[in-house]
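Keeping their order, the protein sequence lines are chains A and B. According to my numbering, the first sequence is numbered sequentially starting from 941. According to my numbering, the second sequence is numbered sequentially starting from 941.
Watch out, some of these pointers could steer you wrong.
Since copy identity is lost for identical chains, a pair holds within one copy or between any two.
Unchecked claim - With a Cα cut of at most 30 Å, we get these calculated DSSO-like pairs of lysine-lysine:
| no. | residue 1 | residue 2 |
| --- | --- | --- |
| 1 | Lys1273 | Lys952 |
| 2 | Lys1043 | Lys1152 |
| 3 | Lys1043 | Lys952 |
| 4 | Lys952 | Lys1223 |
| 5 | Lys1197 | Lys1123 |
| 6 | Lys1166 | Lys1221 |
| 7 | Lys1223 | Lys1185 |
| 8 | Lys1235 | Lys1275 |
| 9 | Lys1089 | Lys1152 |
| 10 | Lys970 | Lys1197 |
| 11 | Lys1043 | Lys1089 |
| 12 | Lys1223 | Lys1071 |
| 13 | Lys1231 | Lys1043 |
| 14 | Lys1166 | Lys1089 |
| 15 | Lys1123 | Lys1166 |
| 16 | Lys1043 | Lys1117 |
| 17 | Lys1223 | Lys951 |
| 18 | Lys1221 | Lys1123 |
| 19 | Lys1052 | Lys1114 |
| 20 | Lys1152 | Lys952 |
| 21 | Lys1221 | Lys1072 |
Simulated from the structure, these hints should not be mistaken for lab results. Note that this is a predicted model, so its numbers are computed, not measured.
Number of protein chains: 2
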Amino acid sequence: MERKAALLDIKKVSQSRIHEVDFNNLPFGKVYSDHMMYCDFVDGEWQRPQVVPYGPMQFDPSTKVFHYGQAVFEGMKAFKDDNDQVWLFRPERNFERINKSSKRLAIPEFPKDYFFESLKALITLDHDWVKKGQGNSLYIRPFVIATEKGVAAAPSTSYRFMIITCPAQAYYNKAVKVLFSEKYSRAASGGVGFAKAAGNYGAQFYPTNLAKEKGYEQVIWTDADKHEYLEEAGTMNIFFRINDKLVTAPTNERILKGVTRASVIQLAKDNGIEVEVGPVKVKRIVEAAEKGELKEIFGAGTAATIAQVTGFEYQNKYHDLPEVENPYNVFFKSKLQDIQYNRTEDPHGWRYAID
Amino acid sequence: MERKAALLDIKKVSQSRIHEVDFNNLPFGKVYSDHMMYCDFVDGEWQRPQVVPYGPMQFDPSTKVFHYGQAVFEGMKAFKDDNDQVWLFRPERNFERINKSSKRLAIPEFPKDYFFESLKALITLDHDWVKKGQGNSLYIRPFVIATEKGVAAAPSTSYRFMIITCPAQAYYNKAVKVLFSEKYSRAASGGVGFAKAAGNYGAQFYPTNLAKEKGYEQVIWTDADKHEYLEEAGTMNIFFRINDKLVTAPTNERILKGVTRASVIQLAKDNGIEVEVGPVKVKRIVEAAEKGELKEIFGAGTAATIAQVTGFEYQNKYHDLPEVENPYNVFFKSKLQDIQYNRTEDPHGWRYAID
Ligand SMILES: Cc1ncc(COP(=O)(O)O)c(C=O)c1O
Ligand SMILES: Cc1ncc(COP(=O)(O)O)c(C=O)c1O
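One chain only, chain A, in its complex shape (with noise of 0.2 Å):
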């Protein structure tokens, strides 16, 4: 039951708890596969990745992530094709990302090999946990931590770098109405939106509440300054049709750059669709949406893959957005979709095999 790999120790489950799941009613996030991967920073090192049987672990009750929000993460997806192969989509962008993350929380860099390698065995010990099909997925979350015991307001000397994994169907089911902020800000300038850090969801959350009381499911977020340019949804960079040309603010030290919005960035210019990368007014939105010119929104990243929104409110008017033809949202999904399930080429090199 116990092997060593080149880089990581292994210790597999004894019996698998796949049989338990049902695969057909997954809420998301709440079922985590067989095995998931930890790995400990102390005395100025990472020491030797550890993969074993999902479970608790034991935590100090002063441990600085309870106490300061010390932490950072990832998601990320594995997606299983017709032959039973299984591909990550574009995964050195989350790696860079997350140490890109961790610099910006003072938390150590996770080496390159340690992350391949962790995600290979746990993929491949959990393959079953990957199932084929549109819209089916295994949602991977790496993640750090703050593990030293103590209160002092200063940044740990140890951490815990961790991947749990978790099938996954389509994260949201249907199109999303959103509400624009125009009190509440989601990052300030020279703080951590651009990064993965915990901290900046939890803060979300209330705002949120708020929106959903009125009927929205997502804030579209504003800059924290004036509330005048649009910037980015929760967990979704997010994009504007006018008329036949997309828009999407650029990304800056606010905003996180996503994976997802980069790609589609890439497939519009593949496609010969114009793409204006640059401050996105509200006013400039509202404008076209009333002369019949904003033809869609949508939010891309990897838990939703592409998000239609069918409204929006903005000092207290709901703006619908229209029906069209041949909708960019549909399409971008589908190409997409058919890179990460291995349907098309891959022009860009995007996929990334586990094997």
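Using the hints, position chain B with the ligands against chain A.
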């Protein structure tokens, strides 16, 4: 060993660890008292608070606090007077503030009687951990963490409220040099800066490390928009003495409303010191320093009480502060400590007896 108080269950340690502790050599936040309190929110309700021996607890790797920083905390101190009576300092403010923080983080508010009964039970049980003598105290850390298992980016349905305590000597032993922030920032307008949200603290570690590399212990944060106004330090509000006037920033949605700050302002008024509470331009402070009108800067917060600042850097220029006679920082520190250690009258009813 087990008994039921009116509101809580209490399970005492079989043997105290107090004899293992060197009270003359205490790194801050490393040694915890014998007991702790935890109280779970499940099924829409706070359950019965549990006072139990201090120790580690099990958490699933998918626990929300690890991923989304949905967590808030407080910091308080208990002081022992010459008659072995223990006192808290304005604890109602901490109680109100943790619920204000919780609300912003979409965490359910905690009942007042649970909070105060738990504090009394803990401090009574661990009475010997509160040491007499100037600078000695018991640091009290109430905190709340999101405990639901599952990585869906939505508020947790379950929470754990905890109180842990640790004996503390003076937090900062020496005066500090500070850096005025010109690039990084702590909080966004419309964000969570006014809350003691876990993520606010982890986000400061990296810029503070950069300041430390330049020889500065702390950063004084400026507004995220233009870095024109001085706001606060990482765990302290900031006061400037210009000639004989005390100047401090108003609290707002970006700045924590400190208990020590409010007490300093009141003590200033009581003692005929003029106080100006209003936006503090960086430019004004630099000019006052250049003219020799800036007599003092000091921080005010529970951990440090009052921390003298001996100089600051702004735009690559270091400004040394003069040595003054009868400094305000010493005056306020001794006024506060006289009240905290029950050595003087308490005209505003700030002391809270633990009996
Ligand atoms: C804040 C934020 N924006 C955008 C995204 C989309 O990024 P990606 O496409 O890399 O998943 C995410 C989620 O990953 C996110 O958390
Ligand atoms: C950001 C921040 N500012 C100021 C303070 C000072 O507040 P108080 O005096 O209530 O301890 C603290 C610490 O508690 C803090 O975390």
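Results for each hint:
1. Taking the shortest Cα distances, Lys1273 and Lys952 never come within 30 Å of each other, neither inside one copy (36 Å) nor across copies (59 Å).
2. Only between protomers do Lys1043 and Lys1152 lie at most 30 Å apart by alpha-carbon distance; the minimum there is 16 Å, versus 34 Å within a single protomer.
3. Proximity of Lys1043 and Lys952 under a CA criterion of 30 Å is satisfied in neither setting, with 32 Å inside one chain copy and 42 Å between copies.
4. In this homomeric assembly, Lys952 and Lys1223 never come within 30 Å of each other (Cα to Cα): the closest approach is 56 Å inside a single copy and 62 Å across copies.
5. Taking the closest pair of Cα atoms, Lys1197 and Lys1123 come within 30 Å of each other both inside a single copy (24 Å) and across two copies (20 Å).
6. When the C-alpha separation of Lys1166 and Lys1221 is checked against a cutoff of 30 Å, the pair qualifies both within a copy, at 11 Å, and between copies, at 20 Å.
7. When the C-alpha separation of Lys1223 and Lys1185 is checked against a cutoff of 30 Å, the pair qualifies only within one copy, where the shortest distance is 17 Å, while the shortest distance between copies is 45 Å.
8. In this homomeric assembly, Lys1235 and Lys1275 come within 30 Å of each other (Cα to Cα) only inside a single copy, at 20 Å, whereas the closest approach across copies is 65 Å.
9. For the homomeric pair Lys1089 and Lys1152, the shortest alpha-carbon distance between copies (22 Å) is at most 30 Å, but the shortest distance inside one copy (37 Å) is not.
10. Taking the shortest alpha-carbon separations for Lys970 and Lys1197, only the intra-copy value of 27 Å comes in at or below 30 Å, while the best inter-copy value is 38 Å.
11. For the homomeric pair Lys1043 and Lys1089, the shortest alpha-carbon distances inside one copy (21 Å) and between copies (27 Å) are both at most 30 Å.
12. For a Cα distance limit of 30 Å, the shortest separation of Lys1223 from Lys1071 qualifies neither inside one copy, at 44 Å, nor across copies, at 61 Å.
13. For the homomeric pair Lys1231 and Lys1043, neither the shortest alpha-carbon distance inside one copy (45 Å) nor that between copies (40 Å) is at most 30 Å.
14. In the homo-oligomer, the alpha carbons of Lys1166 and Lys1089 never lie at most 30 Å apart, since the shortest distance is 40 Å inside one protomer and 37 Å across protomers.
15. With identical chains, the CA atoms of Lys1123 and Lys1166 are at most 30 Å apart both within one copy (9 Å) and between copies (19 Å).
16. Taking identical chains as interchangeable, the C-alpha atoms of Lys1043 and Lys1117 lie at most 30 Å apart only when they sit on different chains, with a minimum of 24 Å there against 35 Å within one chain.
17. For the homomeric pair Lys1223 and Lys951, neither the shortest alpha-carbon distance inside one copy (56 Å) nor that between copies (61 Å) is at most 30 Å.
18. Taking the shortest Cα distances, Lys1221 and Lys1123 sit within 30 Å of each other both inside one copy (16 Å) and across copies (24 Å).
19. In this assembly of identical chains, Lys1052 and Lys1114 lie within 30 Å of each other by CA distance neither inside one copy nor across copies; the values are 36 Å within and 41 Å between.
20. In this assembly of identical chains, the alpha carbons of Lys1152 and Lys952 never lie at most 30 Å apart, being 42 Å within a copy and 45 Å across copies at closest.
21. Taking the shortest Cα distances, Lys1221 and Lys1072 never come within 30 Å of each other, neither inside one copy (41 Å) nor across copies (60 Å).
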